[in-house]
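J.: Here's the letter readout for the chains.
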Amino acid sequence: MKAQMTLTVNGEERDVFAAVHKTLLEVLREDLGLTGTKHGCELGECGACTVLVDGEPVLSCLALPVECQGREITTVEGLAQGERLHPLQQAFAELGAAQCGYCTPGMLLSARALLEATPMPTRDEVRQALAGNLCRCTGYTKILDAVELAALRLHRAGQIERSQARAGDSPGARAMVTGRA
Amino acid sequence: MSTKRFSVIGKGLPKIDSWSKVTGATQYADDLFLPRMAYGKLLRSPHPHALITRLDTSRAKALPGVFAVITGHDLPRLKFGIMPVSQDEEALCVEKVRMVGDAVAAVAAVDEETAERATLLIDVEYELLPPLMSIEDSLAHPEARIHEYGDGPNVHKAVSLQFGDVEEAFRQADLVREDVFFFEGNTHLPMEEHAAVAHFGPDGKLTLWSSTQTPHYVHRLLGKILDLPQAHIRVIATPVGGGFGGKLDAFAHEIAACRLSQLAGRPVKIALTREEVFYTHRGRHPVLMWMKTGFKKDGAITGMHFRSWLDGGAYGSYGVASTFYTGALQTVTYKIPVYKFEGVRVFTNKPPCGPKRGHGTPQPRFAVECHLDKAAEQLGLDPVEMRRRHLTEPFTKTANHLTVTTTGLAECIDRVVEASGWHEKRGKLPRGKGIGIACSAYMTGAGLAIYWNDMPHSGVVVRADRSGGVSVLCGATDIGQGSDSILAYVVAEVLGIEPKDIRVHPADTDLTPVDLGSYSSRVTLMAGNAAIQAAQRLRARIFEAVAKKLEVTPGDLEARDRRVFVKDDAERGVAFAEAVVLAESMHGVLAVPGSYAPPKRAGKYKGGGVGPSPCYSFSACVVEVDVDEETGQVRPTEVWVAHDVGRALNPLLVEGQVEGSIYMGLGEVLMEEQVFRKGVHKIPSMLEYKSPTALETPEIHTILVETDDPEGPFGAKEAGQGPLLPVIPAVANAVYDAVGVRVDETPISPDKVVRGLELKRQGKPARVGPEKLPLFTFPAPRAIDSAFGLPADAIAERPFAS
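Line by line, the protein sequences are chains A and B.
When the letters of the first sequence are read in order and numbered with my numbering, they come out as residues 1 to 181.
When the letters of the second sequence are read in order and numbered with my numbering, they come out as residues 182 to 983.
Keep in mind that the hints are not guaranteed to be accurate.
Pairs of lysine-lysine residues, derived as DSSO-like cross-links and limited to a Cα-Cα distance of at most 27 Å, are as follows [claimed, not checked]:
1. B/K748 with B/K787
2. B/K681 with B/K614
3. A/K2 with B/K614
4. B/K242 with A/K22
5. B/K614 with B/K871
6. B/K953 with B/K555
Partner residues aside, some chain A positions facing chain B, computed with beta carbon under 8 Å [stated by the list, open to error]:
7. R127
8. T138
9. A157
Since the hints were derived computationally from the structure, they do not count as laboratory data.
Keep in mind the model is a prediction, meaning the values are calculated, not measured.
By construction, the Cβ of each residue, glycine as well, lies at the ideal position given by its N, Cα and C atoms.
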């Protein structure tokens, strides 16, 4: 049985006509052409298919699209804003946190959910948050480093923004918070 | 080591494919969707050992939405295998199945669901045969032969090599020790499940996109298996989502997709499920090992005798090589003047084992390093000192005729000992905490190809066009290790441009020169050297043209910062793009090849082809553990690895390889096991097949040691496999330091630690491990003179060097 559904994916409303038992993972990849989200096990065990639904990490291989109507779905394709990468993406690329890259989309989304909730997590909090996303290449080390670097950069950017709001974007205030004064 | 004279090499640059990987843009095989594409499924045997008595596909063919159904009768009736000496596989079995998971039929249909439903409509009847599930079973039942070939009933391969008189060496020893170890099998568990898309075009030509580590070998085998001219087949390796050796054979799903596409007249995709990946396997062999070594009082080894019994599973795969590898590299780390090796690989009705990271060498390395620790204790020596004193010398040969070029092992040991605080900790940590050390060596590329030939192991074409753009074409396959990036760095360095100016086109048998594949840690060295040669040839043409224009000689020129200029007068020069225009005007099209084949150094004896390598990497590892004496849980708390990488072309990527190796080693030593019950995999899921998560992986400290090896590109050696080797025995040795229990088999699971502690309480030897050895008579050894200590050949013949 097929059904008509409207899904909000990466801020766009998309109409889908798909079999009701198809998983969110399958609909994203096969019906919406968003192949950045990966199959790893189809059993909710590896985290490769992680997406965000209303900001919460969800295993898309276990989710039904019909339950996601009216909710905000974010996939790896929705992390960057235009050509500007999310700081997590930037840090993952710079530090070599993506080797084969297959776990990377899921890892990025779990990490983003963490940073939304806990902007400056401890290393143990990062480990905890990513414990459901398996990676066989990196030994997690560079992934943990990248999440910490992204957190730091987001934190600094937030400081700059706040100080700009206070100081009316005075160059002196900016130099002070960036340590270039 | 100084990186001053380099502009790209030695820098921690992002990989060139990082940006596509972090945005989800990288297209893996399963991400390909072609117009009119059909979906394929395989029907697999539920029995470990059975004759196929009836196979009827008519009901499946009648199902609406089904385009094609095939069995082995729809393929040429011949067997294939990755090694020329082990042609024992069928894509779809015709008469007999040898393991649960053997494919017997395949379907292509409008969607995956219909294809799966169709497989359930295929009628198969089996006559069950006794399943042989262990080495002992298989040797005890020669009448129930799994294959009709080999070195005896159910014996795939038996080898016996002797380099000098070990019995005499034992007589000269102050201490002779024997030990028995078992290394449990485990699997690669790549995050990406294997997938392939085949398209048999209307022109009668076939294209296969596949998540393979070796498009060249798949290309060769497809010609044979499908009985098609190889010239009409194109194999493209898509970016591989993790390999570790698990994507190095030609597989049933690849072959079935090709034939189904031909019959259905459309592209066909087959993507394996996670359970199918567990059965496809080709992972770490379970190996039982016995070893006997003679030691002098100072720990010097007088001779070593090593035996290994490999549980091969149902097919040959790389097994002959794996068997030799369990005996090949023992001699590379420490001085072993006399050496004897006997090995046997036995067929069983389980998924075939093959190469996994470290191919055949982590098992004996585990045995050797634990054995050395035990000997050190008996001799009253510090395990670090004992190892440190007896390391192989640079530019010498080993007993089994391997040539060691540079070695940084002494420095590796010193660095991990210092960084870990070994001397303050060993034997001094509180009860339940321990520290252990181990060392290892690994090949930088196999000296010989899988099939005998005189052609390059790696080829590169560097092409420059008048825009100033440079493309690198190479058959190498990026499996996440960064081989595409290495090609870009190397070419950028030689041409004096930026990696970003270069596009790398890899792994396409139509467009790229052959590279044998991503295995045996060969790509950086071999493709790197071929790329240097190609880029240097291109640079020579560019320099010739620029020299003419500037009225200097080519030797006066330098390429750097996207310019070609006079060395002593940097102002005089031209931009790189202009230099290319000058060169193209002088020479015509600029597309220049480079070739690499390893030096011919194989020992002149049968079996001498497994083990030689242009150079060896060396690693030392210290692990600190916490052992819970109640539960037996072993928790590694910190790991230090120092790795002699020759030169780190990109330290960031080398660290990544070391960290990944450590992680994988910890999984193997503490939790991972590929085990079976009644022919069926016990735990074919990512939840139950335990592998370390971010929570179980400890803090890792990587130290890179550089030795600038003359064989490597800019001096580089391998980094992808070697650092895994010492981690496993270092954990075992640390567990002993912590609680005084010797667990002589992997994984060191809590139950084994608890059993060891119980034995200790009872006053019995606190050792948990194999108690007996299978009955098997090894063939009479081939007696070969030991080459130990001989100087490396001054000039080894290296084809295509000029």
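J.: Quickly compare the C-alpha distance for A/K2 and B/K614 to 27 Å and report which way the hint goes.
T.: Roughly 59 Å between the alpha carbons, so the hint for A/K2 and B/K614 is violated.
J.: Taking 8 Å as the limit, does the beta-carbon of A/T138 come near enough to a beta-carbon in chain B?
T.: Since chain B brings a Cβ to about 6 Å from A/T138, closer than 8 Å, the hint holds.
J.: Are B/K748 and B/K787 close enough, with their CA atoms no more than 27 Å apart?
T.: violated, 52 Å
J.: Taking 8 Å as the limit, does the beta-carbon of A/R127 come near enough to a beta-carbon in chain B?
T.: OK, holds: A/R127 within 8 Å of chain B, min 4 Å.
J.: Is it true that the CA of B/K242 sits at most 27 Å from the CA of A/K22?
T.: Roughly 25 Å separates the two Cα atoms, so the pair holds.
J.: Against chain B, run the beta carbon of A/A157 and see if the smallest gap drops under 8 Å.
T.: violated, 18 Å
J.: Given the hint that B/K681 pairs with B/K614, test it: the Cα-Cα distance must not exceed 27 Å.
T.: violated, 48 Å
J.: Please verify whether B/K953 and B/K555 have alpha carbons no more than 27 Å apart.
T.: Between B/K953 and B/K555 the Cα gap is close to 19 Å, so the pair holds against 27 Å.
J.: Check whether the Cα positions of B/K614 and B/K871 lie no farther apart than 27 Å.
T.: holds, 24 Å
Hints 1, 2, 3, 9, counting from the list given before, are not met by this structure.
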